[in-house]
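Trainee: What follows is each chain in one-letter form.
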Amino acid sequence: MATALEKELEATNSKLKKQNEFTEKILDSTVDHINVFDLNLNLISINRKTQTFLGKAKSELIGKHFDELFPTAINNEYHIHLKSAIKGKKLMNEIYQSPNKNYYETSFIPLYEDEKQYAVLVISRDVTESIIKEKELNEKNIKLQQANDELEQFAYLLSHDLQEPLRKIQTFSNLVIEKNELAESKTYLEKIDSSAKRMKKLIQDVLDYSKVNNKNEIYKIIDLNLVLENVKADLELPINKKCAVIISALLPKINGIEYQITQAFYNLIGNSIKYSTNEPRIEISSRFIDDTVLTDKKIEIIFKDNGIGFDEKYKEDIFTPFKRLQSNKDYEGTGIGLALVKKIVEGHRGTITAESKLGVGSAFKITLPFNY
Amino acid sequence: MSQGQKIFLLVDDDDEDRNLFYEALQSIDSKFICFMAEDGQQALNLLAEKTHNLPNVIFLDINMPVMSGWECLKSLKTEPLYKNIPVIMYSTSSHKRDMEIAIELGALCFCVKPENFKKITQLLEVVSSHISGNLHEGIKQFNKEYNCHFKGL
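In order, the protein sequence lines correspond to chains A and B.
If you read the first sequence in the numbering used here, its first letter stands for residue 408, the second for the next number, and so on.
If you read the second sequence in the numbering used here, its first letter stands for residue 324, the second for the next number, and so on.
Bound-form chain B, shown alone (with noise of 0.2 Å):
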């Protein structure tokens, strides 16, 4: 990974969903990298396959086939080479159990999808100039706006 390369993952089996996020991504820096995983288990054999070349920052929804959100966490969560990878689960449902869930399992924080593009590029703003820096911080920020959940708050 060259320095100051930025790579995302996201994994969600919705396609609008991952085109949304990579043309906001793309409409920040066109130079960041986006990996895409239809679902858990794609996740999990896509960073298999890029050891030396680890997404920063991994996105994850929770509904998807093969392997759920929480299913693909946990493992993340047990293997000593991803468990540092902040991650933030993404998802159209705002439950606080799915939240509490989210925590317990190790997520960063929990993100409910915005509901507009514009807001999709503020959030991927904020992650993105955070990314090498105190993410959990620099989401905070936002918290109000974003309807974020956040360990310790």
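Looking at chain A on its own, in the form it has when it is part of the complex (with noise of 0.2 Å):
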């Protein structure tokens, strides 16, 4: 009879400790962290997950408190979420980041015997890898946005400002049509002349700004006071007629591209020379900057002048494509220098600002990273 009882019992004991290794195969096979708290926060159950994260053996980590297991998660989301659970909360899927930086989808379930709750499972997963694909996707996102507002803009401008010159080609070839006079005629032509060539530096400064975007330019060390000497040799004509003496101090070399950075220069120092009413005066100088929180190098180029300058409130305006501060009549310009200055400093991953004072002069200021 006992013999009977004992046989049943045991059979009882195999099958639950076969059910018992069933479910702790499950545990231990997961992705996921599942433990379980008592309502003290201490530890009553763990799988193999959590063990290797904390590179324990379970037997020194059951029975140990919260703040010994995770001290740097005091009083983190972790443990807040799990304080609440522990006082009946049940919370699902709650995504927060570990001190390990790390993203966390987490769900705290409370555990009760008898309608009583005598514990909470949490059940965690990393989430990180697919947090961060998220979040690049929502940044590349938000570029490609700003890309179309930017080529929505650009198009409007350009139809507007592509449109004026070849309305008067029209405006002027019909008077010539019209009067049919030969001493008119010759100074329409000659207004048809000009208006074609405006035309012909609208496109071609156009072409310019659009290929800046293309990324497949070779990177290499410049140095800046041979571009300097370029951008000098490329102006000599306006420099002479206008006396304008250029001072610079040893300039640094740079990894950059080439033909923009000089591109760069020549625009700076062609408005300087442009927009100034006697002896330009231009001053290129540099130095660097120590970030020390980013502990990265940057170099500042500051472009100097005497020239008209401009009202400050237009500072961000200047950079704007086809944006003008001045009339044709006074300076010739198409109004796309400072855009394309700006678009090829921001391609070196590097800032432009302004400064001016009206009648004074103006100074611009580049910031490039310095890494090479």
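I should point out that these hints are in silico values taken from the structure, not numbers from a laboratory.
Given the structure is predicted, the values throughout are model-derived calculations rather than measurements.
With a Cα cut of at most 35 Å, we get these calculated DSBU-like pairs of lysine-lysine:
id : chain 1 : residue 1 : chain 2 : residue 2
1  : B       : 400       : B       : 441
2  : A       : 730       : B       : 373
3  : A       : 598       : B       : 441
4  : B       : 441       : A       : 586
5  : A       : 456       : A       : 523
6  : B       : 442       : A       : 604
7  : A       : 764       : B       : 400
8  : A       : 660       : A       : 722
9  : A       : 598       : B       : 373
Combine the two chains into a complex, taking the hints into account.
Mentor: Below you can see the structure in the form of structure tokens.
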């Protein structure tokens, strides 16, 4: 009799043991952290994922208090959610960032026995990768949206500014045809010619601007002193015409796209010469900026002139394509020069700012990462 | 202002366009008076000087240095002295958005600068002959030919 009972007990025990092993196997095979804390925040069950994470044997962990197990997590979101769950609140799929910077999606489930809570089951999954991917996607989306907006604005301005010289070509051509008088014809034809030239310049500038989008450019070490010499040679005519003086300190070498940096120098110096009433004096200097927080070195290049300057309220506007503060009559231009400089500088992961005082002069500051 | 004297104000930074406008106006009637301003700010300064001789109509370009046509239009429409002067936005651009903005800001209409002299003259003939009557109706007749955009159309 006793043996029959013993046998039955043994069989039940063995069945229970198998079931236990089966459950434990599942718990230990999952990629999720599955742990149970009692109402005093002591760990009463832990799966292999968390053991591996903590780098300790199960026997060292069971019975330990939360604060001892996760000292860096005290008062973080996990801790706070766990404490809420101990008071009976069920929390599902909460996402938080752990002290190791990983993201976890975690559920806190109160456990009951005879309608009385005795523990909290915590199931936690590392979702860092998908969160980062999602973030990257969002950032890319924002950038795409910005590029789209820029393109739209660009197309809008382009349609306007290209139409203006064209309209005049038509107007004056019509006048030639209608009047058909020799002396006047010459004047009108000259106007047609100058409009056509302006159109050509506009198109060239627009092409320059759109070319800067090209991502397959070659970066190399450029000596800015040589860049400056080349630009001075290119600008020889206006320099001589206006008796411009260009003073430069010894400039550094930078890592960049040579033709673009040359273009940026050309536009900035060209502007300083153009937007001046008396003899232009242009000072070019540079300095290193050590950003100890980001531990990356930057180089600042300053272009200072004594030109006509502009009202500081336009210091953002001047970098907008086709935005002009001066009329064509006083100062020829297409309004793309500074927009192009900004695009080049930003393409080099740099920034450009301007300071100015009407009638006194302007200063443009380019900051570039110093990385070679 | 003497009876029947018609005063125009053209605000345009482009001197060639100003000349064409003036010539067209003079070819209709040499007694017409035409004030010129090269940008919005100049226009406002000029109006402040001419408070007893205000123009009957203002032609306003959009893209101008110093003060754009939009900013000028806003100032005109908030100033009690000027807000009843009809403003015709006068620009190269024929972008739909500009036309909508013009109407929103209280311009009478948006008029794309004609590409030939004869058309400028025709436009100004219509404007000048309706200047003391119903200007809105007057130019409305011209709508199709002129690519103008009117309130309520």
